[in-house]
Amino acid sequence: MNPLATLNESTLGYPILSLIIFLPVVAAGLLAFIRDEEQSRWFSLIVLTLTFIFSLPLYGKFQVGLPGFQFVEQHAWIPKFGLSYLLGVDGISLPLVLLTTFLGPVTVLCSWRYITHRVRECMACLLLTQGILTGVFVALDMVLFYFFWEAMLVPMFLLIAIWGGPRRMYAAIKFVLYTLAGSIFLLVAIVGLYIQAGSFAYPALVGLHMPGNWELWIFLALLVGFAVKIPMVPLHTWLPAAHVEAPTAGSVILASVLLKMGTYGLLRFNLVLAPNAAVAVAPYLIVFSVVAILYGGLLSLAQEDIKKLIAYSSVSHMGFVTLGLSVLNLQGFQGAMLQMINHGLTTGGLFLLAGMLYERTHSRELSVNAGLGRLMPGFVFFLGIYSLSSLAFPGTASFVGEFLCLSGAFAHSLRVGAWVIPGALLAAAYMFRMFITVTWGSGGATDKARDINPREWASLLPPALLVILFGFYPAPLLKMMNPVLTEIIKRLPTEKTIDIANLITSSLHGLLN
Amino acid sequence: MLYGILPEIIISCAALFFFGCALFDYKKIFPWAVGFGVAATLSNLVSLHAIHHPMFHGAFMVDGFSRFFSFLICASFLLACVIAGQLKQTDQEKIGEFFFFVSVGTLGLLIVTGATELLTLFIGLEISSYPLFIVASYRKGFGFQFESVAKYMIFGAVSMAFMLYGITYLYGAFGSTFFKDIIPAIPQHLDDPMAILGVILFMAGLLYKLAAFPFHFWAPDVYAGAAAEVVAFIAALPKLAAVALLVRLSSMFIGMDGLVPVLTILSILSMTLGNLMALAQKELKRLLAYSAVSHAGYIMLGLLAPGDGGLDAALFYGAVYALMTLAAFLIAIQVAGDEHDIPLENLRGLWNRSPVLAIMLAITFVSLAGLPPTAGFTGKLFLLMSVWKAGYFWPVMAAVLNTLLGIFFYLRVIKISLVGDGENESVPLEMPAHIRPLAIGLGALLLYLGLMPGSLLELAGRAVQCL
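So the protein sequences, as listed, match chains C and X.
FYI, our numbering numbers position 22 of the first sequence as 55, with every residue one higher than the one before it.
FYI, our numbering numbers position 264 of the second sequence as 274, with every residue one higher than the one before it.
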């Protein structure tokens, strides 16, 4: 049995994964019976806090050191076509699950006053998002994964389309169309894997030998699906539109968790199921990642809209994640995983801050918000922490992640490392530009703004604490993921077995003849 | 052993009753139509036990397969009656005739699903076609719908003529009109031009019923011209019977090697053409017509994989398609105004006017587009899996790219329904009391079959085994 595919039953005695998926989903249904807006806010906050608390035993009882899946739940779903309800977490999905449940209450807190109409529906969307996102990270049956993956679109679409900014419909449709276009190929890959393995269960697919060029085509089809979500340049254009129009909670979910679905998929499926293709395609992925880092950074530098600035910085940061994954060594993988978590915390925090500015000045323009920091010391405190973390300042979480990514890149080749360094510098430039303007700039539109209130403190403080904690002590995360990552590395072939250039010419010949 | 054909008997009684209503000008028909629909649907549960029971000298078979489809057809009849309700768009003077013709048409379709002999089959098809030609003309306020009826009837008559011609060739080649003689003899007739020509001509009639390329030209005009209530019948019921026939005779189509490419190409053209045309539509019924053309293509794909569950998948998809169509027409009927067409703009602001209907519309169109977690996705997944398993990769790719194409216009409809229009957005949509629970039920069913397709798939599998 392949160590990556071992299934360990839950030791808790109750189906914890189903619990944290369906508790918010059921609660979303119950919201139909709560008429009062204030009550619906409290209800959602309590449910999501409970969900987070219920997800903590996952961390407590997780057996560090096992590369396989734990807390596994398995039930027959449609036996005729080999579908099962198969859930489980391992070292790479557990941090993401915890990140999701951790940020749940935060999304409710930041919508408390921001959302003023159809509050109940908004809370229902937030609850649904929680459950479905958790499902994406724990589903081990490919079709179940695809269900969660696509179901995600519904609440997200509604969040942008109903509570978004002036161009919300455009942004929501663009978001959905991009994702759907990508996920159709994901579906083809899933069916293709089924044709090869006769099963949809992930553990049965690990270590599968595919004939001829199947592996490459499957890899590419999966890649298209995930690349849209990450998003990799040139498929990133939906992201700024969606971020700018989405309400704060939508932006936080998008940046913190949704984008990680893509990189998670890349690591979980592409690199494990198609290792030979991964080795062959990785050089091209490195190029796309470097382009994303530099291009995203440059775009970010030119933005006047704070949300757009953060959105493009996400493109750049996710470039670091894909870079870490495509250099195919342990530092790179560790860096990518840490960067996923850190980017989730940091960018989520930045979007919270941008939302708070918007609530005060009704503008996201840098020039309008210039100098607000003088009036809001508490706000600047958090802006400082999150900005520093975003530019990977030592002592914040992103430093560790980005450093590992960079060292992975240098270990891969000096040239790649040299190309990426300017990206790290760009991050400092655009983040400081925003920080300085908002804090000390002059010419702002208002000289009255109240500082952040206790509710806003409650939403900003927990991620900030984690940012600093992981900045000094990332060991628990690394310990959790290392066994899986080393196992994945071990399974990667050392030599290229697929020559892509040759393959493309030969398949073109095949098509023409 | 008459209880085997209980559904047929009940529908015949319904037809006679409605005929009487028309004669004596009795107008309170709606509860009766629902009652007959319920009785016919439930009677299938009784006759489900009469498995493999040939009747009328072997011309008609009561087996799991025909009962599966007669259940679906009766249930669709019931649903269509409930959806049609008070026949807003139809001339009230003709309400008796309307239900009479519709139930006769349904009877014809029931005969088609059970027929195991070519002439019985043909008669069933004729019985089902002519009443529907007539009701296609019923329209309040716009006179006789000449274009709609003429296209429906001329295309129908021509394709039926092709089919009859094909039947004569088949009889010439095989010396029998009974399926049980024809199907086993196919391997000996692979090179027989008469048999091949016969099968091809025979297919014409089926493709017409299914509204598949190249016999789809009637669909958009008939859908657009006829009253929405009528189209609900035309769109859902005959499709089911056509799927039944295609699957029952699939060994005839697939057995002949030369026909596999023909079938593949027709199905790919059907879906591509349907989707491309649908992209440009601004009228709801026309859009649904082209969507029907493309779905016919998907269903035909299933025939390519008889050994890999393709037939089960086709049955499943057929049933889901009927459900989706009825759900779509439920909405169409509710938003229809006084004008001749139902422009997509009528849906604008539906989210504000009736959230229940808007949610149901979203579920239905997501299902038509083939996205999870709806029945449309599950059906498509099963189809693609089995077709790919049987080794046809390019048809699968074509279907996938077509899904992509479909997403654009299906989502556009959802988008329009979500955007407010400012003017009458606060005016709640008036609809009969029974529509709301029905809408909730249909939406829930589409979701249920998407998440838990096991039971229907099991039934479909058992039905296919009866062949």
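Since the hints were derived computationally from the structure, they do not count as laboratory data.
Heads up, the beta-carbon is just placed ideally off N, CA and C, and yes, glycines get one too.
There could be a bad hint or two in this list.
[Stated by the list, open to error] Examples of chain X residues toward chain C, derived with CB under 8 angstroms:
no.	residue
1	Tyr175
2	Trp398
3	Leu467
[What the hints assert, rightly or not] Here are the computed lysine-lysine pairs in the PhoX-like style, where the Cα-Cα straight-line distance is at most 25 angstroms:
no.	chain 1	residue 1	chain 2	residue 2
4	X	Lys161	X	Lys292
5	C	Lys113	X	Lys292
6	C	Lys512	C	Lys94
7	X	Lys98	X	Lys150
8	X	Lys292	C	Lys207
9	X	Lys98	X	Lys190
Status of the hints after comparison with the structure:
1. At its closest, the beta carbon of X:Tyr175 sits 40 angstroms from a beta carbon of chain C; the interface hint therefore is violated under the 8 angstroms criterion.
2. With its C-beta approaching chain C no nearer than about 5 angstroms, X:Trp398 sits inside the 8 angstroms limit, and its interface hint holds.
3. Here the hint on X:Leu467 is kept, as its CB sits about 6 angstroms from the closest CB of chain C, short of 8 angstroms.
4. With a CA separation close to 21 angstroms, the supplied pair X:Lys161 and X:Lys292 stays within the 25 angstroms bound.
5. At most 25 angstroms may separate the alpha-carbon atoms for a hinted pair to count; C:Lys113 and X:Lys292 exceed this at roughly 41 angstroms.
6. At roughly 14 angstroms between alpha-carbon atoms, C:Lys512 and C:Lys94 fall within 25 angstroms of each other, so this suggested pair holds.
7. About 8 angstroms separates the Cα atoms of X:Lys98 and X:Lys150, which keeps this hinted pair within 25 angstroms; it holds.
8. Distance hint between X:Lys292 and C:Lys207 is fulfilled; the C-alpha atoms sit about 21 angstroms from each other, no more than 25 angstroms.
9. With a C-alpha separation of about 46 angstroms, the suggested pair X:Lys98 and X:Lys190 falls outside the 25 angstroms cut-off, and the hint is violated.
Hints 1, 5 and 9 from the list above are not met by this structure, while the remaining hints are.
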